[in-house]
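Kindly generate the complete structure, drawing on both the sequences and the hints.
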Amino acid sequence: MAVDDLTLEVPTGGVFGFLGPNGSGKTTTIRCLLGLVRPNDGSCTVLGARVPSMLPSVIGKVGSMVETPTFFGGFSGRRNLELLAEASGLPRRVIDPVLERVGLADRSGDRFRTYSLGMKQRLGLASVLMKDPELLILDEPANGLDPSGLKDVRDLLRSLADEGRTVFLSSHLLNEVQLICDSVAILARGRCSAQGPVNEVLAMRGGSAFVVRAPKIQLAKRVLTEAGFRATFRGDRSIRVKASPDRAGRVTRVLADAGIYLTELRPEEISLEAVFLELTGEGP
Amino acid sequence: MSGLLRAEVLRFASRRLFRLAAVLAVTGVLAAALISFVQSSRDPNSGLAEARDQVANCERARERFLAEDPRGSAEEWQCPTVEELREGYDKRFEYAETMPDVSRGVAAALFVASVIIGASFVGAEWGSGSITTLLTWEPRRGRILAAKVIALVVLLALATAVVLAWLAVAFLPVGAFRGSLDGLTRSTWWTLAGIWARGAGLASFGAAVAAGIATLTRNTAGVVGVAFAYGVILDPLLGSVRGGRLRPWLLQHNVPRLLGFLNVPRPEAEVSSGFVTQPLMLSAFRPLVLLAIYAAAILAIAYATFRSRDVT
Chain F
1 MAVDDLTLEV PTGGVFGFLG PNGSGKTTTI RCLLGLVRPN DGSCTVLGAR VPSMLPSVIG
61 KVGSMVETPT FFGGFSGRRN LELLAEASGL PRRVIDPVLE RVGLADRSGD RFRTYSLGMK
121 QRLGLASVLM KDPELLILDE PANGLDPSGL KDVRDLLRSL ADEGRTVFLS SHLLNEVQLI
181 CDSVAILARG RCSAQGPVNE VLAMRGGSAF VVRAPKIQLA KRVLTEAGFR ATFRGDRSIR
241 VKASPDRAGR VTRVLADAGI YLTELRPEEI SLEAVFLELT GEGP
Chain X
1 MSGLLRAEVL RFASRRLFRL AAVLAVTGVL AAALISFVQS SRDPNSGLAE ARDQVANCER
61 ARERFLAEDP RGSAEEWQCP TVEELREGYD KRFEYAETMP DVSRGVAAAL FVASVIIGAS
121 FVGAEWGSGS ITTLLTWEPR RGRILAAKVI ALVVLLALAT AVVLAWLAVA FLPVGAFRGS
181 LDGLTRSTWW TLAGIWARGA GLASFGAAVA AGIATLTRNT AGVVGVAFAY GVILDPLLGS
241 VRGGRLRPWL LQHNVPRLLG FLNVPRPEAE VSSGFVTQPL MLSAFRPLVL LAIYAAAILA
301 IAYATFRSRD VT
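From first to last, the protein sequence lines are chains F and X.
Note that this note's numbering numbers the first sequence so that position 162 is 162, with each residue one more than the last.
Note that this note's numbering numbers the second sequence so that position 163 is 163, with each residue one more than the last.
Hints may be right or wrong, so weigh each one.
Cβ-to-Cβ under 10 Å is the rule here; a few derived chain X residues that face chain F [said to hold, decoys possible]:
1. A7
2. K91
3. I131
No lab work stands behind these hints: they were computed from the structure.
Glycine included, every Cβ here is placed at the ideal spot set by N, Cα and C.
Laid out in structure tokens, this is it:
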């Protein structure tokens with residue numbers, strides 16, 4: 001079963017990050033939301049409309065991109081957008097501005113099959129923007145983008161959220177997600193492991209900690225553990241010592257008393273990646 | 001729905017396969033007319049020399065036979081007369097007499113082309129994965145299938161009628177300058193127009209069935225496989241069981257009837273009296289209705305499957 005007992009509530013407005021390792025059920029969830037696959041049990045609602053029965057009533061307000069955007073390879077990017085605009089009764093004048101906005105205006109006349117992965121993603125985003133959507137459901141929109149493209153997409157999504165739209169963003173680029181998301185959900189083995197505003201999810205890492213580096217790392221860990229600290233190896237020849245910031249001196253003293261002199265002691269930065277790895281069981 | 005239909009019409013017209021087929025059809029007809037023009041002759045005595053040669057060859061062979069086998073009877077080897085052979089060697093292009101059969105043959109070829117184009121039109125959507133994109137714009141699958149089928153059926157019917165009309169026009173100079181237009185009356189044009197309409201109907205049937213099967217198989221190759229398996233293996237097989245009693249319900253019987261082909265063996269009379277031919281123009285009503293029912297049934301199955309199956 002790809003997704004099991006998943007309950008998600010996405011707040012209106014802002015960027016919602018939907019995270020999970022490969023095969024955790026992110027794309028299946030998105031396909032359910034868009035009526036492409038039917039759940040065996042349970043229900044989805046999008047903008048208050050039940051999926052799939054009422055989806056047609058809100059689909060005009062939902063821009064979506066599932067995995068790599070798929071268009072007709074033999075048609076130009078512009079032609080593909082024209083066909084979609086025609087299908088939903090949008091005027092063709094909406095095409096040029098969105099091509100400009102995603103930076104594809106110069107190459108819009110080229111055949112889709114000649115596009116790089118990054119250009120395909122840009123065209124996918126252009127098609128999403130054509131609808132002027134209230135809700136954007138994007139599955140890995142940054143796939144294949146170069147650093148400048150990543151920044152462009154990040155800025156674009158942020159600006160869309162700032163306009164009051166809701167962006168539901170599935171991604172494995174955790175740093176990107178942390179930079180632009182207001183709230184996140186972490187999916188592991190088809191179930192939701194954590195959900196909420198980014199700072200609340202970061203806090204789930206379990207309080208503050210220090211990163212300690214010293215010679216005789218095995219001995220250092222044993223000494224700290226015997227002194228009552230919760231010390232674990234980080235995998236990069238350093239130790240994670242769970243302790244409040246005011247106990248830095250105590251850590252130094254315990255190690256010095258054992259004849260171990262620190263080479264590094266710093267507060268651990270809490271990253272979404274660390275929380276993600278811990279919650280999905282993929283950490284060191 | 002109208003927007004979706006317009007989009008499907010635009011997509012159809014933009015497809016390279018359709019454009020290529022259209023160019024091939026137009027140039028192919030023109031080339032055939034040119035070849036026919038070159039090979040035909042207005043001379044009523046054209047072919048007389050070939051007929052005489054043929055008869056002379058036959059006479060020489062007959063004499064050799066009798067010389068080598070004196071016991072042989074002259075009646076055992078009869079040669080045709082020049083007059084008997086002359087019609088076969090006549091190079092005059094008799095427009096009114098020839099064009100209905102030529103049109104039927106071309107309509108049959110366009111039927112096959114319609115199946116391929118119809119299969120490709122729907123199959124390409126699944127092959128490229130763009131059906132996923134389309135479904136995120138229009139989740140009502142019935143509308144999507146209906147728009148595709150309507151676009152295909154209407155456009156291929158029109159294209160077939162236009163190609164057949166072009167065929168009639170392209171061969172007019174051949175008849176006028178390299179044969180004759182004798183017998184070309186209003187009735188001939190009605191006959192030809194009837195064949196265009198029947199050809200258009202047959203093309204619509206082929207396109208609808210191909211679209212339905214492509215929706216089930218979700219690719220173009222699957223349709224070609226199914227069409228081959230049915231047309232070459234299953235249909236003839238079914239036609240041969242139970243003394244051919246199933247034949248009136250099969251494509252092998254109804255497709256030629258719809259086109260009004262001459263010399264179609266009448267199945268019920270075939271066993272008792274051998275080769276019996278149909279009248280000049282067969283009624284299109286029964287085969288048209290039957291084929292429409294088949295197409296509707298396949299499309300209904302395709303819709304039910306499309307509606308319930310996940311798109312992954």
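Evaluated hints:
At a threshold of 10 Å, the smallest CB-CB gap from A7 (chain X) to chain F is about 4 Å, leaving the interface hint in force. Annotation: K91 (chain X) was flagged as interfacial toward chain F, and the flag is violated, the nearest CB pair being 45 Å apart, outside 10 Å. Interface restraint check: I131 (chain X) against chain F, minimum CB-CB distance 8 Å, threshold 10 Å, status holds.
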